[in-house]
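J.: All chains, please: the whole structure from these sequences, using the hints.
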Amino acid sequence: MSSDTILHGHSDVVTSHDVHLDEHGAHHHKETFITKYIFSQDHKMISKQFLITGMIWAIIGGLMSVIFRLQLGYPDTTFPILEDIFGKWAPGGKISPDFYYALVTMHGTIMVFFVLTGGLSGTFANFLVPLQIGARDMAAPFLNMLSYWAFFTASIIMISSLFLTAGPASGGWTVYPPLSALGDATDGSKAGMDFWIVAMVFFVVSSLLGGLNYITTILNMRTKGMSMVRMPLTIWALLFTAILGVLSFPVLLSGLILLLFDRHAGTSFYLSDIFIASTQKALPNEGGSAILFQHLFWFLGHPEVYIIILPTMGLVSEVMAVNSRKPIFGYRAMVGSLFAICILSLLVWAHHMFVTGMNPFLGSVFTLLTLLIAVPSAIKVFNWLTTLWKGNLRFTPGMLFSIGFVSMFISGGLTGIFLGNSTLDIHLHDTYFNIAHFHLVMGVAAFFGMFAGVYHWFPKMYGRYMNNTMGYIHFWVTMIGAYLIFWPMHYEGLAGMPRRYMDYSNWVSFRQFEDLNRFISTVAIVVFAVQLMFVFNFFYSIFKGRRVTTQNPWGATTLEWTTPIRPGHGNWVSEIPEVHRWAYDYGKDGREFISQAEPVGSNESSGH
Amino acid sequence: MSQAVQAGQKLWGGGKSPYNVEYGKLMMWFFLMSDAFTFGAFLISYGSIRFASNSWPDPNHVFKTFPIVGEMRVPLAFVSLMTFILIMSSVTMVLAVAAGHNNDRKGVMKWMVWTILGGLAFLSCQAWEWTHLYAEGAWWGRNPFMNIDGTQSSTNFTNFFFTITGFHGFHVFSGVIINIIMLIMTWKGTFERRGHYLMIEKAGLYWHFVDLVWVFVFTCFYLL
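Just so you know, the sequences run in chain order A and B. According to the numbering used here, the residues represented by the first sequence are 124 to 731, in order. According to the numbering used here, the residues represented by the second sequence are 10 to 233, in order.
Be aware that one or more of the hints could be misleading.
Below 30 Å or equal to it, Euclidean Cα-Cα: the simulated DSS-like pairs (lysine-lysine) are [what the hints assert, rightly or not]:
#1 B:Lys-197 x B:Lys-115
#2 A:Lys-667 x A:Lys-159
#3 B:Lys-119 x B:Lys-197
#4 A:Lys-449 x B:Lys-119
#5 B:Lys-19 x A:Lys-711
#6 A:Lys-159 x A:Lys-171
Estimated spans, in silico, between C-beta atoms of each pair [unchecked claim]:
#7 B:Arg-114 x A:Leu-285: 47 to 57 Å
#8 B:Asn-63 x A:Gly-480: 18 to 28 Å
#9 B:Met-42 x A:Asp-396: 29 to 39 Å
#10 B:Arg-59 x A:Leu-285: 33 to 43 Å
Keep in mind that the hints were calculated from the coordinates and are not lab data. Ideal Cβ placement from N, Cα and C applies to all residues, glycine included.
T.: Dropping the structure here:
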């Protein structure tokens with residue numbers, strides 16, 4: 124009966140947790156290897172599954188960038204080893220144009236969706252939501268498990284596409300038609316494109332199942348006293364992320380279904396008046412609009428970058444407050460700006476389309492809405508800086524990555540103001556300026572937030588610490604390396620150097636950047652190697668890391684540190700703690716920190 | 010089902026559901042919002058392509074046949090019947106939910122059977138309509154109908170028609186499957202033992218949503 128209760132709620136609808144207690148203590152019913160590690164319904168295990176799958180994806184996606192950076196840095200050199208590995212894709216040790224396009228396409232797809240969406244939200248929403256709001260698990264653990272397995276299926280399909288004879292999708296990660304709709308036009312639009320679409324459909328399902336779970340868990344399962352304004356900012360950020368995902372991914376689904384029909388059913392949703400050079404054939408398609416796909420794609424695509432960055436904003440806020448030993452500055456402003464970003468992000472998608480020939484008036488509307496996002500973003504940045512101000516900073520690797528996040532977010536965010544301007548964008552569109560912008564602001568920054576989260580919550584995940592020395596090397600090399608890689612790209616972009624070209628030596632204007640490109644490639648390889656060190660650190664520490672000996676090693680206020688060092692399925696052994704205060708009582712009344720679970724004392728000064 | 014908030018306990022204060030619903034129903038509402046965006050994207054795509062076209066076929070001319078009777082003088086008669094069937098199945102769904110509130114197992118079963126029959130009837134009508142249009146030469150990528158101004162029409166009239174009504178039909182089909190599962194569970198007494206018929210309510214939410222979407226699909230393809 125009680126499992127019924129978990130699955131279907133109570134008639135009196137109080138989210139009572141004690142019913143779970145009998146069977147979900149720390150050491151509960153017997154678990155086999157399969158139910159514990161593979162088809163697990165424990166949110167903590169699902170979170171680790173997402174994290175490790177995401178890390179595997181990140182290595183693949185990162186390795187792809189190393190290969191195409193080799194080409195960009197050394198366009199005249201041959202690397203015979205590439206032919207040994209990739210065969211016909213790298214004849215004579217030089218990668219072919221088709222392979223180059225496939226690499227950049229898959230690098231984008233993998234990093235944006237599989238690492239920074241699936242790997243990031245999947246990991247931290249699953250891990251932190253129940254632990255920080257005081258719940259024994261997600262609202263629907265079974266659907267949560269399905270969410271991971273849909274992600275896994277998507278991953279398998281996407282990775283299979285790499286081994287197709289015609290290669291994977293290679294029309295850019297945005298898969299714009301007509302190119303992506305016409306298999307005759309390029310090899311990269313043959314079966315690889317179908318695999319891409321089907322994988323993304325599974326990905327949307329995974330994101331939907333996960334998102335619905337996160338939202339309902341946060342709204343319905345908060346422990347007694349955990350009002351919305353007492354939630355840690357991580358939870359607010361994950362809530363808005365989930366809402367964005369639930370609202371925007373279905374639009375991508377519609378767009379991809381129409382694309383699938385255009386590819387296989389002879390429809391003309393995105394096609395009109397097309398002549399294919401390779402087959403010397405004029406297509407009968409009439410009346411479609413390729414721009415329609417761009418609208419559908421970017422209605423997801425823009426919220427998507429906030430789906431990537433919002434969770435890391437939450438993680439960074441939390442790690443920063445804990446390691447500054449100070450309350451987060453401007454809690455309500457932080458929540459308000461998260462909300463503002465969430466709303467605005469749904470209203471700016473066409474700033475990716477300024478050069479499609481849209482009405483200039485419409486362009487000015489989207490410029491205005493885009494520039495408005497600078498306001499909540501700046502509020503957040505100032506709040507982070509003022510949180511650091513005069514704090515007792517503890518420079519743990521997690522903290523360093525949080526500070527690095529703010530640095531990257533400022534540097535990348537400022538160039539967003541350039542690109543969001545519809546007139547400047549005519550010059551900057553599709554140049555390396557754009558590459559530099561989004562890599563800093565949502566690529567590197569999001570990775571930094573994710574690293575901060577991994578270093579900070581690793582003790583909770585595995586009961587051991589990660590190695591600090593390797594953590595510091597990881598941080599400094601990545602931080603300096605990221606600037607060395609992406610800062611020069613701004614200059615290349617301002618000079619008009621377009622993205623997606625595999626060889627610039629034919630252009631006098633861009634030939635001058637040959638040395639710079641080689642420099643960027645060299646740094647990229649070094650930075651990639653350091654990421655492998657992080658991966659080593661991660662797996663080594665799982666088994667050999669220094670053991671956590673105290674329940675609350677960071678001296679944090681939030682509920683996850685009130686659980687046992689290695690919590691079982693159900694998280695708390697006895698009662699779930701009741702919450703009496705907000706999540707940021709640091710340095711109050713002369714005490715270093717006060718846990719959320721501690722009742723307000725009679726002499727305590729008033730707070731939140 | 011509903012429970013008064015105890016004095017002194019804040020609605021959003023944690024420890025209870027702020028909307029007074031259990032998680033499944035909340036999840037269903039958010040799912041429906043998500044699904045609404047899927048249909049919204051389809052219909053807006055349809056609208057944007059249609060308004061970018063010079064002319065469009067006349068639905069009164071395209072949808073004028075009725076099974077057995079053949080050509081009717083009243084256009085849209087068949088689709089009106091389909092719509093009526095679907096809306097009636099929503100009514101029977103409401104009655105099933107109401108019976109569930111009274112823990113009336115027999116009543117729930119009776120009305121679920123009617124709802125399922127309504128759904129199947131709608132799907133059969135759609136199957137007939139599709140077969141008929143196919144016989145007239147219409148399909149994805151093929152459009153035999155002329156524009157209302159007599160010019161040649163692009164294939165997007167049929168492309169969107171089959172894609173969107175097909176996607177809706179797929180939703181009706183899933184709804185019928187869900188309803189059948191609900192019927193079996195009711196019949197086996199699962200909900201009676203559980204003491205409530207919340208699952209029927211959730212299936213009902215989905216079913217009403219599918220009906221509501223049809224109202225928009227109907228308006229966009231048959232009336233406008």
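J.: Just pull the numbers of the violated hints for me, sorted ascending.
T.: 4
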